[in-house]
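J.: Listed here are the chains, written in short residue letters.
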Amino acid sequence: MVLLVELHSFAHTKIKMSLDRRKVTIFGAAAAVRLLLFTAFPGLPDLLTARVEISTPVTSFKRLQEGLFLYNHNVSPYDGGVYHQAPILLPLFSLLPSSATYPAFTYLLYILVDLLSANALMKIAESGEAGSSKLYTSPRKDKKWTSHAIAAAFLFNPFTIATCIGRPTSVFTTCAILHAISKAVVGSSFTSMFAISIASYLSMYPILLFPPLVLLCFDRRRRKSQNETIYSFVIGNVIAVAGFLYSLLQMSSIITGSWEFLESTYGVQLLLPDLTPNVGLWWYFFIEMFDSFRNFFLGVFWIHLSSYVGGLTIRLRPQPLFVLTILLGIFAIFKPYPSISDTSLFLAMLLLYRHVFPLMRYTFLALSTILYATLLGPAFYYLWIYAGSGNANFFYAITLVWSLGLSILVADALFAVLRDEWEVERPEMRGKEIRQI
Amino acid sequence: MAPSLPQFSAARMRSYIFRLPLFTRSIVAVIILLWVISIQSVWNVQQWGALIPDQIGLSSMYRTNTFPLVHVGFFHAFLNILALTPLLERFEAEYGTLTTLALFLGPLSTIPALLYTFVERGILHMNTTVLGASIWVFTLLAMEAVKTYKTNPYFSLGTTQVPTWTTPLVMVLFVSFLVPNTSFLGHMCGLAFGYGWGLGYLKFLAPPEWILRWIEGKLNLLGRLPHYVSVDQKTYGRFGVLPTANVSSVSLPTDGSIGMGLGLDIGIWDVNAHASGSLLRRDPRLLKLPPYLSFLCIVIGVAWLLVLPLDNYSRKTYISENALLPGQVHTYFAGSDQNIFGGYKREVDALGEKSNVEVNDKLEEFFRASGLKVARQKYEYKSAGETYSGENIYAILHAPRGDATEAIVLVGAWRNVDGVLNRNGVALVLTLARYFKTDSRAGPQAWVDAYHDTHQSPAIESLPLKSGALQGAVVIDYPFDHRFESLHIVYDGINGQLPNLDLLNTVVAIASGQMGIGTSLQQMWQHTDSYKDRLQTMLRGMLNQGLGHASGPHSSFIPYHVDAITLQPYGEGWQDEMAMGRVIESTFRSLNNLLEHLHQSFFFYLLMQANRFVSIGTYLPSAMLVAVNFTIMAIFLWVKSGSPLDPSTKLASAGGKPSLTIIKKGDAAAIAPKEILGVRERQLFMPLAVVAGSQFLGVLPLYLFNHTPGNFLSSIFSIFAILNSVFPFIVSSAIVRYFRPTNQQYQLIKAFSLLLLGMFLSSLATLNFSLAFLVGLLAAPLTYMQPFPGRPISTAFLVLVLSLLAPTTVLFAGTYYWKLGVGEVLKEAAFGWDVWGMNTQVVVWCVWWPAWLVGMILLFGKPRDECKEESKVVN
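First to last, the sequence lines map onto chains V and S. For the first sequence, the UniProt record's numbering begins at 1 and goes up steadily by one. For the second sequence, the UniProt record's numbering begins at 1 and goes up steadily by one.
To be clear, the hints were calculated from the coordinates, so they are not data collected in a lab. Hints are not guaranteed to be accurate.
Claimed, not checked - Examples of chain V residues toward chain S, derived with CB under 10 angstroms:
(1) Leu371
(2) Leu375
(3) Phe394
(4) Tyr396
In this text the structure is predicted, and so the values were computed from the model without any measurement. A virtual CB, placed ideally from N, CA and C, is assigned to each residue, including glycine.
Assemble the whole structure, with the sequences as input and the hints as a guide.
T.: What follows is the structure, given as structure tokens:
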């Protein structure tokens with residue numbers, strides 16, 4: 001008997017070892033590809049850093065360098081209106097050797113962040129939360145990809161690689177969001193709340209992920225707090241997030257010596273003073289806007305963005321992880337300063353829902369639209385900015401197509417999941433064509 | 001008579017259209033036919049068929065019948081069909097096909113027409129031509145309105161009661177106010193007849209029912225004609241199409257379920273119409289369409305290009321920037337300047353064979369003597385193992401009252417593109433004294449890069465002197481010593497970018513208008529303005545644009561958004577260098593007039609003569625259609641790969657009769673919808689890996705041909721070409737051996753490859769139209785490549801065709817045709833890559849070659865037979 005148990009555990013460790021080997025291979029290959037791109041093409045990082053599809057005013061690495069320079073010369077980094085990122089990045093990046101002289105350290109940091117994100121993604125995948133949450137188990141849940149496949153798809157996604165090479169600070173937000181979710185699915189709500197606070201501190205919009213995240217934590221809470229009601233649980237977590245945010249902001253004001261960073265970081269996200277083109281829908285709209293309507297439409301755009309949270313959280317109460325996924329997709333479309341880094345995060349999360357893919361109807365259409373936009377975007381940007389033979393409408397048209405492709409994907413995924421739920425309610429309708437009305 | 005708007009449904013729409021009765025169908029068909037015929041210009045259908053009051057006589061009485069069938073244009077016909085069809089369908093369903101036929105070919109068109117003619121000619125003394133089916137529309141509307149009035153006499157608008165019979169009147173007013181060129185009187189005549197009919201005064205016009213019944217019975221029309229509506233609906237129901245004669249209701253028990261018979265396609269559609277809203281997607285005929293559709297795309301794409309040189313499709317050039325005012329300024333270059341020019345020319349001849357530095361020393365002296373600021377720039381480029389170095393010299397003339405924010409460049413290369421001493425050109429530049437350089441290929445690039453601070457620093461020196469933003473550049477290439485006949489204008493830039501059309505127009509206007517010098521393009525020394533010559537000019541232009549190389553020193557300027565052209569005098573004539581000088585001076589003075597950068601006119605155009613062009617909107621569809629053909633096929637293959645294995649083939653392989661398949665289909669549609677709706681799981685990994693792998697492989701030849709030293713290029717190319725011809729076979733065998741792909745996987749490989757190709761080409765078409773078109777055309781056969789297991793002869797034939805269209809073969813054939821060495825061409829390409837930033841080879845090796853490779857792999861493929869395997873498992 002003892003022998004048997006030992007054998008069993010041996011076999012277990014062996015499987016674990018071999019699995020780990022696969023993980024090491026994937027991570028090693030991903031790191032190698034990135035290192036190769038960093039070193040073999042020395043012009044590439046700067047080229048990608050300058051691309052509007054990757055760097056936005058609130059995430060650009062170039063702007064970070066500018067802020068860092070000011071910070072290291074004891075000038076407020078928010079003077080001059082170039083730097084719009086969180087203050088805490090400044091002391092962290094000051095610890096690294098300057099990226100102009102020793103770029104290798106920066107490269108390694110960004111590669112590491114990508115690998116950490118992939119690791120968190122693997123944990124989410126392994127939890128099986130996507131297929132069967134506490135309140136709902138999909139009849140199709142057995143059809144799924146392994147966590148390794150999902151991690152590989154995330155790490156080798158060209159969008160992720162391009163983001164890593166272009167070094168925007170959005171990768172830190174991505175990493176924090178993924179960690180928040182990966183902690184939530186194992187029920188450690190405190191850590192999860194800490195991670196989401198970091199993400200919100202860095203980019204503000206992740207605070208909108210709080211409602212589904214707290215529900216996810218509640219569903220997966222540990223046994224000892226099992227008899228806690230949802231209200232006290234939520235209130236506790238609200239207090240936790242508020243505390244974390246307060247301390248982070250307090251720390252920031254100590255670092256920069258004043259509270260003016262609030263206006264330059266979150267104020268920029270809210271009021272959109274910088275209209276540099278990006279893949280989103282806001283910039284062109286607000287270029288065209290008459291000043292008297294500006295505030296009104298800022299309000300409308302923000303309300304629109306945040307209105308999805310409540311509805312989706314309530315409607316998809318049994319599947320909070322899916323609410324998070326869909327919200328990430330919606331943010332990637334409707335955020336004030338989106339970039340392809342948001343898209344890569346959404347696509348990575350979507351892969352967890354392999355089991356509903358057969359129910360999706362327009363995957364090919366949506367993905368080809370996105371691919372078309374990916375190719376035509378740079379071409380039209382070139383025609384506009386460099387060749388001078390196009391104009392801003394060219395690029396904006398393509399960002400519309402891009403958003404259209406993403407919207408189709410988001411809506412289709414939502415349809416598939418709702419259909420999956422509906423077939424549990426009405427088994428006789430399995431496989432029959434239905435229409436949304 | 002205002003039906004509540006039902007929710008639009010494609011299935012209901014389809015079922016409605018399929019149930020349209022016979023006469024309605026024929027009228028619609030005739031209207032469409034007449035519209036199609038009216039497109040040609042030989043026979044004026046409108047003139048033939050219209051109702052022209054003056055021409056109504058006994059011999060032209062036919063007009064009173066034909067005028068409702070003839071329309072002015074597409075929209076007219078379309079809108080009338082849209083309005084007429086539902087009304088006519090109701091009428092026919094009520095009265096039967098025969099009555100409708102008799103009425104509409106007789107009194108219903110003749111009487112309103114005669115009424116109209118009478119009023120128009122007799123009372124108003126006018127002669128307004130009318131045509132179109134709208135007269136019927138209003139007649140029918142009036143009938144309906146009267147019918148409605150009888151059941152539902154008033155509708156209330158606020159407190160007033162409005163009689164319902166007035167609605168058609170309101171509509172006539174509405175139409176005559178809002179739609180231009182509608183005949184109020186014509187519509188009123190139609191209405192009058194309609195009211196008359198509706199109130200029963202005109203019922204006598206209808207043929208007596210017993211005759212119709214007799215005809216119907218004798219000819220058995222109901223049995224013979226599809227969609228025929230009987231006179232007597234009481235016997236056969238409102239629609240006489242529920243046929244008893246042509247339906248054989250068979251009940252066959254298959255799989256324990258009941259299948260229904262052959263004639264049941266209508267019934268099945270109806271069942272499905274309620275079950276699903278997207279019937280069109282399921283139509284098997286639709287799935288057969290895409291290959292033909294994509295072939296059609298290619299054919300139309302090519303035909304589109306071929307009609308462009310016709311007068312109807314191309315336009316005459318015009319100057320859109322009014323500030324240019326070409327040829328409106330007095331030129332000062334004349335008379336005594338001839339002597340100065342002669343002096344400089346002798347000096348240049350003397351310097352002919354001296355070294356770069358000596359030449360520049362002397363030139364600097366000349367420039368300084370004219371009182372200009374002079375500077376020099378050294379540069380060095382390395383490409384294909386060779387070094388290209390030299391020194392540019394240039395001088396700046398500051399305008400006496402200018403603020404030096406803008407500048408125009410005049411370039412003269414010491415040796416032109418062919419390496420001949422640019423004798424008169426340099427002398428002319430010296431005389432015009434602005435700016436001067438030495439080498440045609442690398443020099444201008446070094447200078448422009450440095451001007452915009454994008455040069456690579458140690459190899460290329462920065463410019464010590466700069467002026468303002470460059471507005472334009474003109475290059476003189478005048479290498480011979482005699483008088484010339486006309487001007488040859490070279491305008492292609494690197495990667496197919498073109499200067500603003502206004503620059504070209506200005507030069508053409510000045511040369512031909514002010515100076516009386518002829519101009520030509522694309523080495524068309526004789527241009528007779530015929531279709532053939534225009535086409536040839538256009539194709540040469542496209543080829544130059546597609547190759548994307550620098551066609552002259554001006555090309556280097558264009559990527560920096562500096563519009564530039566090269567002027568080359570040619571031929572033996574009586575124009576002398578002074579005329580050339582005046583052309584250039586006048587051009588410069590025109591450019592000097594500009595208030596802002598050239599932006600008004602076109603940046604994308606194809607020229608077919610110095611004064612005839614097509615703009616992007618007109619020509620782009622041809623390249624897009626060629627690119628779209630790939631996308632259509634990709635989408636089609638994706639859908640096909642996901643559809644379940646066709647039951648008919650399964651049955652056929654099991655030895656079933658073809659008639660059974662229809663039953664099987666009907667069965668599946670009616671009893672087990674899951675079978676049809678279920679999407680087959682796609683195995684994506686292998687196809688994705690193959691396509692991604694071949695895309696990555698494309699980097700190899702790109703690297704190889706850009707970094708090999710020049711002397712080895714031709715031998716490396718030969719080795720590559722040989723490898724290239726066997727490589728696909730090896731890859732394909734390896735794939736067959738290790739993965740044993742199914743037919744579905746082959747379809748997916750092709751789908752992904754074509755999707756990428758279509759995507760790349762349509763993006764490229766916006767940047768370099770010609771290259772996208774040429775590559776698209778050469779890659780067009782790839783649309784139809786697929787494994788042909790068990791048909792070795794057709795496979796061998798297709799392999800041969802595809803090998804002839806391989807990038808390597810095309811490159812080789814091209815060099816052979818233009819009598820160039822392959823090594824030479826590749827060296828030039830590598831030079832372009834290193835110095836000019838030319839991207840043509842990226843397209844060839846990373847877009848075209850991978851797609852070609854996948855096509856070859858598909859041809860050699862051997863799909864695993866799934867059906868057989870299934871039966872094996874069963875056995």
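J.: Of the hints given before, which are not true for this structure?
T.: Of the numbered hints given earlier, the structure breaks just one, which is hint 4.
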